[in-house]
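A.B. asks: Listed below are the residues making up each chain.
Number of protein chains: 4
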Amino acid sequence: MGESFGAYRIGRDEDILSYVSSANIACGFHAGDPGVMRRTVRLCLDRGVSIGAHPGLPDLAGFGRREIRITASEAYELTVYQIGALQAFVRAEGGVMRHVKPHGALYNMAAADPALADAIACAVQRVDPALILYGLAGSELIRAAARIGLRAAAEAFADRAYRPDGTLAPRSQSGAVIADAAQAAQQAVRIAQTQSVTAIDGRDIAIAADTLCIHGDTPDALEFASRIRQELERSGIDIRPVS
Amino acid sequence: MGESFGAYRIGRDEDILSYVSSANIACGFHAGDPGVMRRTVRLCLDRGVSIGAHPGLPDLAGFGRREIRITASEAYELTVYQIGALQAFVRAEGGVMRHVKPHGALYNMAAADPALADAIACAVQRVDPALILYGLAGSELIRAAARIGLRAAAEAFADRAYRPDGTLAPRSQSGAVIADAAQAAQQAVRIAQTQSVTAIDGRDIAIAADTLCIHGDTPDALEFASRIRQELERSGIDIRPVS
Amino acid sequence: MGESFGAYRIGRDEDILSYVSSANIACGFHAGDPGVMRRTVRLCLDRGVSIGAHPGLPDLAGFGRREIRITASEAYELTVYQIGALQAFVRAEGGVMRHVKPHGALYNMAAADPALADAIACAVQRVDPALILYGLAGSELIRAAARIGLRAAAEAFADRAYRPDGTLAPRSQSGAVIADAAQAAQQAVRIAQTQSVTAIDGRDIAIAADTLCIHGDTPDALEFASRIRQELERSGIDIRPVS
Amino acid sequence: MGESFGAYRIGRDEDILSYVSSANIACGFHAGDPGVMRRTVRLCLDRGVSIGAHPGLPDLAGFGRREIRITASEAYELTVYQIGALQAFVRAEGGVMRHVKPHGALYNMAAADPALADAIACAVQRVDPALILYGLAGSELIRAAARIGLRAAAEAFADRAYRPDGTLAPRSQSGAVIADAAQAAQQAVRIAQTQSVTAIDGRDIAIAADTLCIHGDTPDALEFASRIRQELERSGIDIRPVS
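Residue numbers (the working numbering), protein chains in the order written: chain Z, 5 to 247; chain A, 5 to 247; chain P, 5 to 247; chain F, 5 to 247.
Taking CB as the label site, the calculated pair distances span: (1) P:Pro223 to Z:Ser176: 29 to 39 Å; (2) Z:Pro133 to P:Thr171: 57 to 67 Å; (3) A:Arg16 to F:Ser178: 24 to 34 Å; (4) P:Glu227 to Z:Gln199: 51 to 61 Å; (5) A:Ile209 to F:Arg46: 39 to 49 Å; (6) Z:Asp184 to F:Pro118: 31 to 41 Å; (7) P:Ala119 to F:Arg46: 12 to 22 Å; (8) P:Ala119 to A:Ala150: 31 to 41 Å; (9) F:Pro118 to Z:His219: 30 to 40 Å; (10) F:Asp224 to Z:Gln199: 57 to 67 Å.
These aren't lab readings, by the way, just hints derived from the structure by calculation.
Beta carbons: idealized from backbone N, C-alpha and C, even for Gly.
Take these sequences, add in the hints, and give me the full structure.
C.D. replies: Put into structure tokens, the structure is as follows:
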């Protein structure tokens with residue numbers, strides 16, 4: 005959410021908000037700007053959607069999706085900076101920031117690299133120990149939070165294929181992105197009901213998921229969000245913020 | 005303080021800290037970066053120097069000294085963003101942020117423009133009503149804080165010449181900057197003792213000052229800071245943070 | 005043209021190109037990035053549209069529309085830099101860059117400020133004396149080019165209201181922007197045929213125009229471009245690049 | 005050279021220029037800005053030092069030293085952009101740009117990655133086929149230039165230790181950087197006279213070098229530059245630009 009910048013618009017944030025219980029708001033490094041952050045925070049509070057910071061790599065040109073070889077110290081520092089910036093907007097609007105989810109390449113790097121994961125978990129805890137850290141289910145981020153007693157929420161993806169080891173198949177791999185909304189909704193329900201999923205090689209694997217991630221910046225984001233919510237509700241699954 | 009950036013170093017922050025009671029720390033827009041912010045905050049806490057945010061215009065190339073025609077909304081938003089970012093570092097290090105002082109062109113624009121001043125004062129108050137807003141003595145920033153019941157500290161300058169109306173003579177004017185440390189120290193003592201100063205045209209004017217500003221990024225910053233502190237102490241003036 | 009940036013899209017460049025004889029391509033300061041510049045240059049060459057550089061202020065967040073108080077030296081330098089960057093892409097694709105048009109606030113500031121206008125004209129001439137400088141008809145930019153013997157093209161606007169002194173009514177003024185495509189097309193034809201226009205106060209004024217500017221980044225850009233071209237052609241006016 | 009930025013100063017460019025025959029000038033992505041580029045180009049022309057562009061990754065905060073996973077297209081585009089920008093300043097000052105040397109992480113990545121190397125070589129050739137591409141001796145950059153018939157200059161380093169395969173020992177390895185000016189000067193003379201060097205494991209290896217790289221941004225840059233030049237001249241080696 006909140007990934008517009010200056011004169012540039014991305015995402016149909018207002019529409020997507022009808023389908024989610026929590027939003028990750030960009031903090032100005034990979035996307036977003038102070039004006040967009042303010043308006044997005046306001047919008048979430050008005051709609052009762054729980055707010056989290058979505059800190060990313062300092063790479064607006066690459067939308068935070070290009071790996072940058074940063075040190076653990078740099079990861080700590082850019083996380084503190086960005087969650088502080090967003091938290092100020094949430095406070096100014098009278099709300100409370102609930103969670104932090106690293107964005108894009110930072111999320112993926114931290115999922116695999118314990119030093120980066122520790123740095124990010126530590127940043128979150130030192131700014132506000134009540135925050136919940138969102139990370140890929142089974143990843144280093146989740147382990148890093150556990151090591152320091154920080155609450156974490158394990159994320160699963162409705163629209164991404166999994167490898168047998170529980171990591172996401174890289175976007176470059178054929179079939180890595182689930183292009184069909186019905187199929188994504190089906191995967192969402194399966195994860196929610198059984199905490200398992202069929203990996204890209206056909207094997208069933210366990211996914212200990214606390215939350216499902218929906219993208220807001222793709223052309224068919226709205227269709228996916230709507231369909232996934234509809235199927236979850238039809239299956240009797242209650243959608244609410246992690247707490 | 006904290007105006008270094010990446011591989012670039014500006015200012016002798018460690019040395020200057022011996023002579024001041026409060027520090028204004030750059031927040032990454034006109035200068036500073038997350039790593040510099042973290043280290044500068046740590047340094048201030050270790051040395052018992054009171055910490056304030058120094059939000060500036062988004063203009064690293066111009067060091068925040070070039071006027072940018074921003075709207076009042078943009079001023080509000082960039083102030084919230086930057087003070088939030090710094091506050092997170094102060095919290096992460098176990099300290100408390102005490103004040104906010106706009107930087108450079110933002111400071112000067114807000115001194116003269118009530119709408120910008122209101123926006124900045126409002127930003128400070130909404131993020132944390134306990135913060136003190138530093139502004140030029142007699143300026144719109146001081147009035148804006150008063151209008152909303154936000155505490156403010158009126159700043160005077162030891163090393164700048166005043167115009168008869170109490171504003172600073174622009175740097176482009178001959179004699180605007182006091183180049184002699186002894187003369188600056190003398191002006192500092194006079195302001196502290198008598199709340200008055202001799203303007204550039206020879207007239208005596210009143211300056212209702214709560215705090216004295218010392219620059220940290222000039223070649224002779226250390227000499228000025230040391231001399232001013234020495235003369236203030238010799239005159240029996242106690243130097244301590246605004247509270 | 006070419007005002008997209010990274011993951012952000014603005015403008016329907018491909019469609020607009022059917023209606024214009026020359027394109028001003030953003031150079032990465034107010035908008036555009038190296039990849040967008042390369043693709044836009046290629047597109048213009050494929051479509052036989054004459055290419056110009058569109059240097060702007062270093063303000064992606066403000067899309068180059070906020071005045072920044074830069075010095076004449078800074079105006080010279082950022083113009084040299086940006087036209088060099090675009091010229092390299094044009095050369096790499098086997099084409100020739102023909103003109104330079106400052107963008108947004110830089111264009112407006114240079115229209116009124118002789119020192120900025122001289123700096124920009126000088127930058128253009130020193131990089132390539134065969135380039136043509138586009139500026140507002142009757143503005144300082146046109147005079148600055150004349151002073152150093154640089155060829156200039158005086159621009160008129162189909163969709164903007166004029167003040168009696170030949171300057172554009174500021175966007176903040178009611179009626180400053182002509183919202184009706186038919187009316188804009190009518191103004192275009194009138195300027196082309198009679199070199200005059202009815203100012204916002206009803207008076208007829210002379211506009212010595214060599215070229216008509218069409219915007220590419222507004223929602224109805226395509227409708228305006230199409231209608232203006234249609235009416236110009238219906239009136240027997242031949243549309244071709246300045247030379 | 006030219007790695008200052010805005011209010012920030014790095015390097016003693018004027019002094020270093022006395023000791024070198026060619027200079028690599030930063031182009032605004034990893035360091036440098038349009039004003040610095042203009043002044044550095046002027047300085048080189050005044051001192052008769054041959055000028056090359058020093059394009060880097062878009063990472064001012066990391067000084068271009070952090071790897072960013074860019075695509076070959078992005079490498080092509082950022083190289084075209086930056087060499088065009090510098091070339092414009094060289095032209096505006098009446099000079100001719102002679103070579104291109106990628107900077108920092110871009111240089112290292114392109115040394116090892118044929119696709120990035122090809123993209124950079126292609127960018128150089130398409131902007132100006134008379135340019136000479138500088139790359140690490142024996143690296144992919146040198147091979148990429150050879151593949152397309154672009155002239156290249158193989159670089160050796162006086163102050164860096166080599167691995168047995170001819171690559172540089174990474175800075176993280178102990179002994180990778182030669183801290184003693186006399187030893188660096190000795191290595192410089194040996195490379196120039198015998199086209200060989202003793203690798204970090206004690207073995208002698210061949211280094212087919214056309215040019216020696218001297219750093220300008222380290223604290224003892226001047227001492228190294230002076231000593232290396234002195235020893236080369238004492239050994240009867242003539243120092244002149246690659247041509």
